[in-house]
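4 protein chains.
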Amino acid sequence: MLIRLGYELQFEIPAKVSILAMLYVHPSRVPGLLEPDEMALDPALPIEDYTDSFGNRVARFTAPAGTLRLSGNTLIDDPGTTDPVKADAKEHPVEELPHGVLKFLLNSRYCEVDRLSATAAELFGWMTPGWGRVQAICDWVHNKVTFGYHHARPSKTALDVYTERVGVCRDYQHLAITFCRALNIPARYATGYLGDIGVPLRLPMDFSAWFEVYLDGQWWVFDARNNVPRLGRVLMAVGRDASDVAMTTSFGIANLTGFKVVSEEEAARI
Amino acid sequence: MLIRLGYELQFEIPAKVSILAMLYVHPSRVPGLLEPDEMALDPALPIEDYTDSFGNRVARFTAPAGTLRLSGNTLIDDPGTTDPVKADAKEHPVEELPHGVLKFLLNSRYCEVDRLSATAAELFGWMTPGWGRVQAICDWVHNKVTFGYHHARPSKTALDVYTERVGVCRDYQHLAITFCRALNIPARYATGYLGDIGVPLRLPMDFSAWFEVYLDGQWWVFDARNNVPRLGRVLMAVGRDASDVAMTTSFGIANLTGFKVVSEEEAARI
Amino acid sequence: MLIRLGYELQFEIPAKVSILAMLYVHPSRVPGLLEPDEMALDPALPIEDYTDSFGNRVARFTAPAGTLRLSGNTLIDDPGTTDPVKADAKEHPVEELPHGVLKFLLNSRYCEVDRLSATAAELFGWMTPGWGRVQAICDWVHNKVTFGYHHARPSKTALDVYTERVGVCRDYQHLAITFCRALNIPARYATGYLGDIGVPLRLPMDFSAWFEVYLDGQWWVFDARNNVPRLGRVLMAVGRDASDVAMTTSFGIANLTGFKVVSEEEAARI
Amino acid sequence: MLIRLGYELQFEIPAKVSILAMLYVHPSRVPGLLEPDEMALDPALPIEDYTDSFGNRVARFTAPAGTLRLSGNTLIDDPGTTDPVKADAKEHPVEELPHGVLKFLLNSRYCEVDRLSATAAELFGWMTPGWGRVQAICDWVHNKVTFGYHHARPSKTALDVYTERVGVCRDYQHLAITFCRALNIPARYATGYLGDIGVPLRLPMDFSAWFEVYLDGQWWVFDARNNVPRLGRVLMAVGRDASDVAMTTSFGIANLTGFKVVSEEEAARI
Chain A
0 MLIRLGYELQ
10 FEIPAKVSIL
20 AMLYVHPSRV
30 PGLLEPDEMA
40 LDPALPIEDY
50 TDSFGNRVAR
60 FTAPAGTLRL
70 SGNTLIDDPG
80 TTDPVKADAK
90 EHPVEELPHG
100 VLKFLLNSRY
110 CEVDRLSATA
120 AELFGWMTPG
130 WGRVQAICDW
140 VHNKVTFGYH
150 HARPSKTALD
160 VYTERVGVCR
170 DYQHLAITFC
180 RALNIPARYA
190 TGYLGDIGVP
200 LRLPMDFSAW
210 FEVYLDGQWW
220 VFDARNNVPR
230 LGRVLMAVGR
240 DASDVAMTTS
250 FGIANLTGFK
260 VVSEEEAARI
Chain B
0 MLIRLGYELQ
10 FEIPAKVSIL
20 AMLYVHPSRV
30 PGLLEPDEMA
40 LDPALPIEDY
50 TDSFGNRVAR
60 FTAPAGTLRL
70 SGNTLIDDPG
80 TTDPVKADAK
90 EHPVEELPHG
100 VLKFLLNSRY
110 CEVDRLSATA
120 AELFGWMTPG
130 WGRVQAICDW
140 VHNKVTFGYH
150 HARPSKTALD
160 VYTERVGVCR
170 DYQHLAITFC
180 RALNIPARYA
190 TGYLGDIGVP
200 LRLPMDFSAW
210 FEVYLDGQWW
220 VFDARNNVPR
230 LGRVLMAVGR
240 DASDVAMTTS
250 FGIANLTGFK
260 VVSEEEAARI
Chain C
0 MLIRLGYELQ
10 FEIPAKVSIL
20 AMLYVHPSRV
30 PGLLEPDEMA
40 LDPALPIEDY
50 TDSFGNRVAR
60 FTAPAGTLRL
70 SGNTLIDDPG
80 TTDPVKADAK
90 EHPVEELPHG
100 VLKFLLNSRY
110 CEVDRLSATA
120 AELFGWMTPG
130 WGRVQAICDW
140 VHNKVTFGYH
150 HARPSKTALD
160 VYTERVGVCR
170 DYQHLAITFC
180 RALNIPARYA
190 TGYLGDIGVP
200 LRLPMDFSAW
210 FEVYLDGQWW
220 VFDARNNVPR
230 LGRVLMAVGR
240 DASDVAMTTS
250 FGIANLTGFK
260 VVSEEEAARI
Chain D
0 MLIRLGYELQ
10 FEIPAKVSIL
20 AMLYVHPSRV
30 PGLLEPDEMA
40 LDPALPIEDY
50 TDSFGNRVAR
60 FTAPAGTLRL
70 SGNTLIDDPG
80 TTDPVKADAK
90 EHPVEELPHG
100 VLKFLLNSRY
110 CEVDRLSATA
120 AELFGWMTPG
130 WGRVQAICDW
140 VHNKVTFGYH
150 HARPSKTALD
160 VYTERVGVCR
170 DYQHLAITFC
180 RALNIPARYA
190 TGYLGDIGVP
200 LRLPMDFSAW
210 FEVYLDGQWW
220 VFDARNNVPR
230 LGRVLMAVGR
240 DASDVAMTTS
250 FGIANLTGFK
260 VVSEEEAARI
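Chains as they are written, first to last, in numbering that gives the first Met the number 0: chain A, 0 to 269; chain B, 0 to 269; chain C, 0 to 269; chain D, 0 to 269.
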């Protein structure tokens, strides 16, 4: 399945400001790209790319005062399969985890493992470890939290989601991640393009957040917001939580005034 | 100046548990070591070392139920000078910062930059950027927060310190780090051995926390708790905040029942 | 000036629920009423009125499952003057305050005086006590907080407003009240109808929140949201914060599906 | 059973300060007093008493700079029975509650009903209403929270207790009160003298906090900290939470430097 991926963002910038953008397709998906994945700025500004400590490709630039347009467009050859499910995947005892995975057991800004560990133990501690327990966490969060765009706010944490029971996709994932970590299950936050539940893709694709869990020696996709296997998930970035992988991080004021994700299934070329 | 460094920790462990220990001398100080820096466990258990994404050397092992003793002892040749002060050190605009430094501008568990950015701007935003502004942040935190061991708690954040105005060394640093980051000044949390204010060292050395700030192309030590240049600071680990560099992190119950830091100036050997 | 006051609320109620409504004109304004101030329910249900410990008139009833309509309509003879300003009004030392006023110096759910007292002292502690200092608090809150309906949430406290700097009218008043109390200035939360800034009233009247401060032996209106003297303010209820004077408090689920405030200046009758 | 009750508090006061003290025996227990219940101040200062909106007797005075001693001493004829238990006491539906009881269903500073209502419903919503459910709440809190004096802090709320699972007596009651209110069970905070579990009293009596729940048309004592019926409980004050009934509230600095509760069973006089 070929998927065209793209975005157009517009900012009004009152004074020169440095910006990081995490809008590239993730390096792990680069082998499937059929077109280059470059970011265009208008006005044209030099972009420097680097790889952060989580392995994400980050674009970095400094924008002058005025209107800034950011866009990108590429084509990916996607397997066209829904998120894999391996119901018998095992949790690893901590001593078996690779070193680099351990950091995904710790506290982070929006995932206060320390404040929700007793609750996690009470709700899920008695369950058989493994895929089923992670799925139970997703089910709980999915069923207990009510979605609403007006419930978004930048400083909202997993504990806030636990007490308020309302949120947007990032909030669902933060709470589920926190529960996993409290049970010593490595979990990390992921952003990317999210497709539909069947072929052909009918839903408009959009940016979304999900999370990944380390079971059976690898990372698996879970999504406490949607909670059904989806097609056309294309990863952009992973990190400890939304702080690490914000679509854009500006070190000063940059007001988002336009936002469009332009993606859809593309007929295979002959 | 030769400094003997060491520690003895004791835990009571009810059931097998994986533990990370960040008690080694930091790799940056290894060239000064005159004796090997190894960790001893009693009972003897295999220890695996690794380097985390911040460059710290971490010990990793799994302890059985029972009493566990952890100890280490080494000797370091320390320059014997107090924390350097470079009053004319400049802040870098964000665009000049190395890629790897950028993560120390972001939110972390105990440093809610998002919730204290307006306050930081009001208190320090008008000041001339540079060393003096960072020192002003340290002065403010040092003068406004009252020290007390009974004010420690694991989940205490920079915002809590800002509102409660009481704390221990980690709390002072978390608040100062948060103010720095809110002003786009990279700041990271540091742990290690802390010595005295003059030679010969008379104060018993102890583990402590301080923080580092990136100015003029390098990291500098600041300490909002003590707020005077000190001697005999030997770094163990750096990270975004206390979550990243806990002395020990146990993935299960391990009750600390004994704790001794055994360090002192040692007469130079002939 | 004659003002017609009224409201129509509609709820969908899944199961029998007890409700308190604080929608009557406050007893202190009853002498000016030219028509009775009664609440009508559809379906018709028995309403019991009582006076709470703050002196507010509260309606109490139990609604069955189904649609519930609540409405009221009355006419008040309003002095037609803007909020009084007495720039030389004095703060009282605590020992002079009447007993009943002391509770408006304490913490309450949305006004965490304990967590903002250091900040209040730093921002306003140095100012000359009296009306001017209260006005300075209103100016600060008015200028620092950005209004937006989407920033409302039920659990938002003064500390949240202080850190997030966004909110709706209740949020402005909670922060200003908290600063006042921290300085030993009695302050209480008020709800009611809010009119325009001049005659004839052109703005549609609406429910709003403001606060009252005890100076010179009486309570005075302040409004950190609008921060200009207004006409046609008709008090409904006062309390420690929004918890005490919610328009309606339902002890179970009652989904608000319609809300209209129907008020306007009425031509004087001959 | 005759119980001698008394206290001695000492403060160091840097500058003139107004103080409220809630150390009298509660009016409901005055009929049992065999000696007058007066407060003595050294230096001798005029004390004004008043009754607050919760029905407590409050002492009010203004202390000059210097050392202040507060003491009281009285004798009460106590029934000598343990806290009554009525296992078949019923919860009232909200519509049956007296008006004055309704305020004990609402949010207060340390009891964030809004943030813990979902948790309360999940933990206890399925249980049969009545005494047994309130006892289940006490059991849960008693078993899940670990006591420790060093876990006390002035700004700690029920949500903090829920997440940290450590605390002192006030913390236990705040969490239990919050759960009750979330289930529409009126609950209020109480302070007073607390005796032993048997006769003769062997434990030194001390000030303590407990809470009261409205069942079967009256208020009943519950104590999530001790969670066994006790003897010699003598009420001093009731309120929404600890904010309303602090032993002393000073509107300025007053450092507590001495504190003794001097109470014991007294041999009956012939």
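Warning: the hint list may mix true and false statements.
The list treats identical chains as one, so a pair stands whether inside a single copy or across any two.
[To be verified] The calculated lysine to aspartate or glutamate pairs, modelled on EDC-like cross-linking and capped at a C-alpha distance of 20 Å, are:
1) Lys143 <-> Glu37
2) Lys15 <-> Glu94
3) Lys102 <-> Asp36
4) Lys102 <-> Asp48
It is worth saying that the hints were derived from the structure and are not from the lab. Since this is a predicted model, take the numbers as computed values, not measurements.
Checked hints:
1. In this assembly of identical chains, the alpha carbons of lysine 143 and glutamate 37 never lie at most 20 Å apart, being 40 Å within a copy and 39 Å across copies at closest.
2. Taking the shortest alpha-carbon separations for lysine 15 and glutamate 94, only the inter-copy value of 10 Å comes in at or below 20 Å, while the best intra-copy value is 48 Å.
3. Taking the closest pair of Cα atoms, lysine 102 and aspartate 36 never come within 20 Å of each other, the shortest separation being 29 Å inside a single copy and 24 Å across copies.
4. Taking CA atoms no more than 20 Å apart as the test, lysine 102 paired with aspartate 48 passes between copies only; the shortest distance there is 15 Å, against 24 Å inside one copy.
Hints 1, 3, counting from the list given before, are not met by this structure.
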